[in-house]
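Those sequence lines, one after another, are chains A and B. Note that the first sequence covers residues 1 to 114 in the numbering used here. Note that the second sequence covers residues 115 to 225 in the numbering used here.
No lab work stands behind these hints, which were simulated from the structure alone.
In silico EDC-like pairs for lysine to aspartate or glutamate, Cα to Cα no more than 20 Å straight-line: (1) 159/B - 38/A; (2) 212/B - 56/A; (3) 156/B - 22/A; (4) 159/B - 107/A; (5) 156/B - 1/A; (6) 53/A - 26/A; (7) 212/B - 72/A; (8) 156/B - 38/A; (9) 212/B - 51/A; (10) 55/A - 207/B; (11) 116/B - 38/A; (12) 57/A - 207/B; (13) 55/A - 28/A; (14) 159/B - 1/A; (15) 57/A - 38/A; (16) 212/B - 62/A; (17) 212/B - 28/A; (18) 156/B - 107/A; (19) 3/A - 153/B.
Computed footprint of chain A on chain B, listed as stretches where at least three residues anywhere in the stretch have a Cβ under 8 Å from a Cβ of chain A: (20) 136–148; (21) 159–171; (22) 212–222.
Think of the CB as a built atom: it goes at the ideal place given N, C-alpha and C, for glycine as much as any other residue.
Okay, here's what each chain looks like letter by letter:
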Amino acid sequence: DVKVTQSSRYLVKRTGEKVFLECVQDMDHENMFWYRQDPGLGLRLIYFSYDVKMKEKGDIPEGYSVSREKKERFSLILESASTNQTSMYLCASSPGTGVYQPQHFGDGTRLSIL
Amino acid sequence: RKEVEQDPGPFNVPEGATVAFNCTYSNSASQSFFWYRQDCRKEPKLLMSVYSSGNEDGRFTAQLNRASQYISLLIRDSKLSDSATYLCVVNGEDSSYKLIFGSGTRLLVRP
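So that you can see chain A by itself, here it is in the shape it has in the complex (with noise of 0.2 Å):
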């Protein structure tokens, strides 16, 4: 079974502070999304990445960076964080190009900024 695994479930942080999440996957996967989740707007895509040290703009990257150095780990970083970052963030991960390739997700971070 694939794992993804993200580094927190529940996180509170204040505003202004520089924030990471991370997420490791252990399929030797080529993709990595990140994804932040809230009530009555569905998934939105931030950033993802289809290789170590690519990374590509999703719908909503204002107000955040990512990195990928190694092929497994995959971080979201709030440069300065805001309350209206306050959200659930999913990481997910999914094979190389192709059709059907589901992505599959870690348990997710639930983030409040303070």
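Given chain A, put chain B in place with the hints provided.
Relative to chain A, chain B alone:
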């Protein structure tokens, strides 16, 4: 128009009922289709892929209509444990590995 549209529900059905959800997608070039299940405050989990010929997995049947650009999920003999939100998922316009998630249809199965 949203890329993937679903009726948010909730669908409230008794145990043992048959229930069906539909989902429409806007990109006629999409090639990959899935249904995911998400329990309250949990991560989405893959329920099943949806193939052109239609496919079945136990009590769950998924169908794809490319001409009308919709996907359906049929659940027979509903169980209490089927209560969840069901997300319709389609691959993105610009890549095969980027997926677009619908906002989900909520199902409540009552005793």
